[in-house]
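Protein sequences, first through last, are from chains R and G. Per numbering that gives the first Met the number 0, the very first residue in the first sequence carries number 0; after that it's consecutive. Per numbering that gives the first Met the number 0, the very first residue in the second sequence carries number 0; after that it's consecutive.
Hints in this document: simulated from the structure, not taken from any laboratory. Here the structure is a predicted model, which means the values were calculated and not measured. Hints may be right or wrong, so weigh each one.
Covered by chain G, according to a simulated footprint, are these stretches of chain R (three or more residues, beta-carbon under 8 Å) [to be verified]:
#1 142-155
#2 338-352
#3 358-366
The beta carbon of each residue, even a glycine, is placed where N, CA and C say it ideally should be.
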Amino acid sequence: MIKLPLYFHSICYGWVPHQEFLKTNFKDFSDGGKFHTMIARLISDNMLIPRDGEWSLPWPTTIIPGYEMPTYDKNFNLSFSEITDLTGIKTKKLINEGKNIVVFYSGGIDSTVCVTSLLKNLSDKELKSVRLVLSYDSLIENPMFFEKYIKDKFTLLDSNTTFYSDIINESSDTIPITLDQGDSLFGTEFGTKMYSKFYELINEMNPEAKSKLKHLYNGITNEDVHYSKYEDLLVHYFSKSAYKEFSYNQTFGRLYYDKIVKNINTSHVPVHSLHDFFWWLIFNIKYMHCAIRSSVYYGTEDKMKEGIKERVFNWFGTDDYQKWSMVNNNNGQKLNGLTQPRYKWAARKYIYNFDKNSWALNYKLKIPSLRNLYVKNFKNLKIEKIFGVDSDFKLLTVDNEEVRDFILKGLKNYKIDWSNK
Amino acid sequence: MQSPQAILNQISRSKWARPPPAHFSQYYGNKETSNFGLFIPGLERFILIDDLDLWSVLHAAKLLSSKFQSLVFPMDNETPVFTHSCLNYGIQRNIGFPIINQTPLLKERLTLHEVVKVGPPIDRLDDLEQLVKEQEYCYFVLKTVQALRVIDGLYTNLDNRFYAKFFDVELLYNEDETGIPNGFVAEVEKIIYLSSTIDEATKQIENIFARPTSKPYFMNIYKEKLTELLFHD
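Put together the whole structure using the sequences plus the hints.
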């Protein structure tokens, strides 16, 4: 029995059990159901659950208590650096209360921010209570940081033999720290990838659109250049990014753009520039996915509720970080330029002020570390079958007939309620 | 009965002895390829051009991966990209988003039309001097790699670690003639992998030679050759 509303759901076109099921039934989906499936083709999965504004879905869904978006506060004035130090001090308190801290360290910017804060705010003795789960991939992503600051200071666990579920299933005094919400604060790479292809994309468009857009490259993070000026480009980008084999994708980009705009127009947070537009997508609609995916995909079902509600420490999920994110658009904190190494600038600067490594500051690119986690955990878990989590924290998988019927019913009846075009 | 020469000629019928397919030539140098470029996707520019050896560029890229992700391209003869100008050039090819980890990849040859002059990196206009210092470090790493390959080829005769991995036994292996743990080449490579500046790296390389070693005679030979190849004026 599925307990509604759902806390989490996702159809993943990249995963074989989902793909087979969706392909077989696609012809029977309503226009809304087809659109919802196409989102999964656009970004390989569809894990979009809104926290603010209107965003209809094929299934009744709600936000897990505790994960709601804080109220926008235009006077919020703590800096990224101050919040990060405060979060380090919060970790220090946990250690002094007898907790064991485990950080999933990928060597990327987000986990390096966390480790930097711990190095700054914990004593050598306290650092000994912190274990880092990592692999050679983590080392080679930032070898200079590892050699100088990690090697001799922390207890290291090999992520090839220590799974997320092992940490969750350890003593209740073990607190795993995940950094999965870093992207939510700074804006999605779905945007930064588009910026790096800006001219390539507009060259594919009609002369009128090209002429209109070619002067707008420098306006991506300019509050005075409203995202709607990029409307034609966004529609093209979304359509192009969805797979071409379905004729349906001719209108997909338009529908997707209109749906996001409706959400923005009904939300309580200001969204101005093109980078704001992409930031909002992940900060609002994809946030829940980033927040709980570790527990859903890499934990075990019996500990899921405990993990999501009590145990897992989402480093970037605090109200302070989220409020910071809402009032620091278009001031160089999130994207300080136009190229990918300028993404997450406030986080890069926080690390740089500690390690003085200008190479990492100026060159580091995002590497998808979850891919490695996925590959390592694949054999042990039923990741590819997962569809969602109901409000009893029960895992719903596509190999269950009741779940399949439920998914189909939603995709057959879901209506496009946001666009007349 | 076949003549001795006919028997020897059998090799020419082996598939393994045939000339390589035409596209192989881009990787080994011929009249169509003159330059090898080290391209940084994050910078959207080339940071290094070499006309000596593609594989040294790729190896240098691996040692530079502690600093940035990169791609290595063989380039057409006509491409007008040189050491002094490469930071002005980007590429017009859909390279996708190949950055899934830190290891550099080798890509297929760039044609003249795929290399475009776009000016200095847009986000580094305020610190071009620093950028050139970083570029200089890249050339330093490449020259070090090229020098190490020569030294290794000339002198390293005792290293049986290369062969150790072919046997399922755990025995102690020799490194090389210098007596340095892990061997001279690996030690220098570690230094340039973990250093941030040329000064920092060269000082640490000098420190290798100052270390007491069980084989000072050979150490001096390595030192003299490295000085000749890398630190000459």
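Inset, instruction - Confirm or reject the coverage of the segment 338-352 of chain R by chain G under the rule of 3 or more residues with a beta carbon closer than 8 Å to the chain's beta carbons. - result: Check passed, 4 qualifying residues.
Inset, instruction - Quick one: see if chain G covers the segment 142-155 of chain R, three-plus residues with Cβ-Cβ under 8 Å. - result: Answer holds; 3 residues pass the 8 Å Cβ test.
Legend entry - Coverage of the segment 358-366 of chain R by chain G, judged on three or more residues with CB within 8 Å: holds (count 8)
Of the numbered hints listed earlier, not one is contradicted by the structure.
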